[in-house]
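> One-letter residues, chain by chain:
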Amino acid sequence: MRKIISIIILVIIGVGFIFAFSQIPFGKDKINVANYYIEKGIKQTGAVNIVTSVVLNYRGIDTLGEITVLFIAAIGLGAVLFVERKIQKNIADNKKDKTKRASLILRTGSRLLFPLILLFGSYIFVHGHLTPGGGFQGGAVVASGFLLMYLAFPKQSINKKSSSVAESLSGLIFVGIGLLGLVFSGYFLTNFLPKGVPNTIFSAGIIPVIYIAIGFKVGFELTGIIDDLLERSK
Amino acid sequence: MIFQLILIFIMITLAGAAVIFKDLINAVVACTAVSLITSILFYFLQAPDVAMAEAAIGAGLTTAIFIIAIRKTERYEK
Numbered sequence: 001m002r003k004i005i006s007i008i009i010l011v012i013i014g015v016g017f018i019f020a021f022s023q024i025p026f027g028k029d030k031i032n033v034a035n036y037y038i039e040k041g042i043k044q045t046g047a048v049n050i051v052t053s054v055v056l057n058y059r060g061i062d063t064l065g066e067i068t069v070l071f072i073a074a075i076g077l078g079a080v081l082f083v084e085r086k087i088q089k090n091i092a093d094n095k096k097d098k099t100k101r102a103s104l105i106l107r108t109g110s111r112l113l114f115p116l117i118l119l120f121g122s123y124i125f126v127h128g129h130l131t132p133g134g135g136f137q138g139g140a141v142v143a144s145g146f147l148l149m150y151l152a153f154p155k156q157s158i159n160k161k162s163s164s165v166a167e168s169l170s171g172l173i174f175v176g177i178g179l180l181g182l183v184f185s186g187y188f189l190t191n192f193l194p195k196g197v198p199n200t201i202f203s204a205g206i207i208p209v210i211y212i213a214i215g216f217k218v219g220f221e222l223t224g225i226i227d228d229l230l231e232r233s234k
Numbered sequence: 001m002i003f004q005l006i007l008i009f010i011m012i013t014l015a016g017a018a019v020i021f022k023d024l025i026n027a028v029v030a031c032t033a034v035s036l037i038t039s040i041l042f043y044f045l046q047a048p049d050v051a052m053a054e055a056a057i058g059a060g061l062t063t064a065i066f067i068i069a070i071r072k073t074e075r076y077e078k
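Taken in sequence, the protein lines are chains X and U. Quick note: UniProt numbering has the first sequence finishing at residue 234, numbered continuously throughout. Quick note: UniProt numbering has the second sequence finishing at residue 78, numbered continuously throughout.
The shape of chain X in the complex, shown without the other chains (with noise of 0.2 Å):
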């Protein structure tokens, strides 16, 4: 009964999504920001990709909101496995060296992919400004490249310290350079750096200087929350 009644609940809620969007004139030119964005962006922020002039110029400090949620998740995570860690820390000492060895195709293959992800996740956020992706997909992808590694080597850990410290570093950057915007130019996050030539790597001022550390922090970030899991189920 109760199967019946999800199901027609969920019909009712698809033929409202139909008929509303069956309204909505999709790949027109019906929004004067949206116009405004792919005429004047490249002029006036330098970036090529105008997903990222929006993301990080127009709308820079919804990014940074994003960021802390992120961060505050991470740190809950952490904060809950953490309680639960102490308490299971005697039953995990009785049976330790329990964990098997990955497979040798695992390890071979994790050992060659491991820094052609990293270069890949780095070239993703360091060209944010260029081409498709930025500081979410390449952190991303490079904490894709250490979830790799954990499975081949599972006796193995970050070192927590250092990442640490290179996460709060590139928060700390993200925030400072929105703080230097509102001493230069009078307005948080403003791009206050020359923005060079388009389609080049050094172009577009503060942004790929603010993609680069959201790159690390969300890399760091995802590897921090792999490393917690991880530790708490063997």
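Read the hints as simulated data drawn from the structure, not as lab findings. Ideal placement from N, C-alpha and C gives every residue a C-beta, glycine not left out. Errors might be hidden in some of the hints.
What the hints assert, rightly or not - Residues from chain U shown here face chain X by an in silico Cβ test under 10 Å; the list is partial:
1. Ile-57
2. Ala-64
3. Ile-65
4. Ile-68
5. Ala-69
Claimed, not checked - Below 27 Å or equal to it, Euclidean Cα-Cα: the simulated DSS-like pairs (lysine-lysine) are:
6. Lys-22/U to Lys-72/U
7. Lys-78/U to Lys-3/X
8. Lys-22/U to Lys-3/X
9. Lys-43/X to Lys-195/X
10. Lys-155/X to Lys-22/U
Model the placement of chain U on the given structure of chain X, informed by the hints.
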């Protein structure tokens, strides 16, 4: 266009399979495939930024976190 419709059909099938599977590892793998197809569709819809995030987070890290959680709890649905 036909290719995208086939992808959407596979995606809906996999999403239904994820609900039906009793082995939760299979269900997680079906969810991963749904994320992967979603990222391909995002690419076709000319949103490569979103496609990248979906592929890295939806298909990579979420799967790992689910599998770690399943390893810690129970593998089969009652």
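> Hint by hint, note whether the structure agrees.
Hints and how they fare:
1. Ile-57: holds (5 Å)
2. Ala-64: holds (5 Å)
3. Ile-65: OK, holds: Ile-65/U within 10 Å of chain X, min 6 Å.
4. Ile-68: With Cβ-Cβ at 5 Å, under 10 Å, it holds.
5. Ala-69: Holds: closest Cβ of chain X sits about 8 Å from Ala-69/U, inside 10 Å.
6. Lys-22/U to Lys-72/U: holds (17 Å)
7. Lys-78/U to Lys-3/X: holds (17 Å)
8. Lys-22/U to Lys-3/X: holds (17 Å)
9. Lys-43/X to Lys-195/X: This hinted pair holds, its Cα atoms lying about 9 Å apart.
10. Lys-155/X to Lys-22/U: violated (31 Å)
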